[in-house]
Amino acid sequence: MKPKILITYRIPKEGIRELEEKFDVVYPEKEEFSPADIEELIVDCDAVLSVFIRPINAELIARAPKLKIIANFGVGYNNIDVAEATRRGIAVCNTPNAVTEPTAEMALGLMLAVMRRIAETDRNLRTNPDFQWGMMRNLGFGLTGKTLGIIGMGRIGRALARRAVASGMKIIYNNRNRLDESLEKPLNATYVSMDELLKRSDVISVNTPLTAETHHLLGENEMQKMKDGVFVVNTARGPVIDEKMLVKYLRNGKIAGAGLDVFEEEPKITQELFEMENVVLTPHNATGTIETRIETAREASQNIIGFFSGRKDISIVNPEIFA
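The opening residue of the sequence shown carries number 113 in the working numbering; numbering runs sequentially from there.
Hint data in this document are derived by calculation from the structure and do not stem from the laboratory. Hints may be right or wrong, so weigh each one.
[Said to hold, decoys possible] In silico DSSO-like pairs for lysine-lysine, Cα to Cα no more than 27 Å straight-line:
1) Lys424 x Lys142
2) Lys116 x Lys380
3) Lys114 x Lys142
4) Lys424 x Lys125
5) Lys424 x Lys366
6) Lys282 x Lys258
[Claimed, not checked] Restraint-style ranges between C-beta atoms, simulated for each label pair:
7) Arg175 x Lys134: 23 to 31 Å
8) Met113 x Phe386: 50 to 58 Å
9) Arg122 x Glu387: 40 to 48 Å
10) Leu393 x Arg249: 21 to 29 Å
These numbers come from a predicted model, not from an experiment. Quick reminder that beta carbons are idealized off the backbone N, C-alpha and C, glycines included.
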């Protein structure tokens, strides 16, 4: 019998064709399987291709005695209980390659939108008949010459840095480990402490995974250290920033503006953010391109195919199961 693969959400068929040829794929007829559906279907599945809106927790994993791999549709995997999966010898994979470039595009887009007041002036032009034009009205800030502080210099952080350098920005970064000089040099990027990044940056972009260590990485203490008039962009995970404190420092002007694709309690968004002209909001859509959805489906499928073929060069986040 072919291994059974549960796909929890409708993803592009173009990306899973090879998976369907090789395995018995259980695919939702509607947009997604409900939590109750997943609880029932996972019981006899060998693999799950999961989407972040449906958590794969310890209780769900316990219902799946045949489960061997969880292939996440996306680079972030905080929707999966990796510790429990590892304890049971289940591989957990993600898709870091497909999401890199579109997420960096979104970060740069949010940066431009909030600093150049693109979304704000668009809204006012459409809705305010008394909107005032003028040489010294509606002024924003340019990117050229500004210092961009990148928190998390993995694939996405580096992809953003490439775009920012092309826009004339200076790059400083903080990362768990300093990059090799061969990666720093083309970006003219300088490794700094978190305190120095907070004090020097004109713009701060959050590009770190959500872990116990990065939860509220930017809280009140960090925001107090930021340069007056800083802009903050988050395309990582909402809880990396303390949203209530962000609102506080946007209100008092310490933070000049924010571009947010992710939120602390998605899909709920702090009401005050809706009311601020200097905030640009997008619905966790950094990877929301047709090409990316197809390629992410293909990358997740290849993780499953590779795993059942005995390969170990897949995008696994808990490689210790192979030990």
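*Check each numbered hint from earlier against the structure, then list the numbers of those it violates in ascending order.*
Hint check: 1, 2, 5 and 9 fail, others pass.
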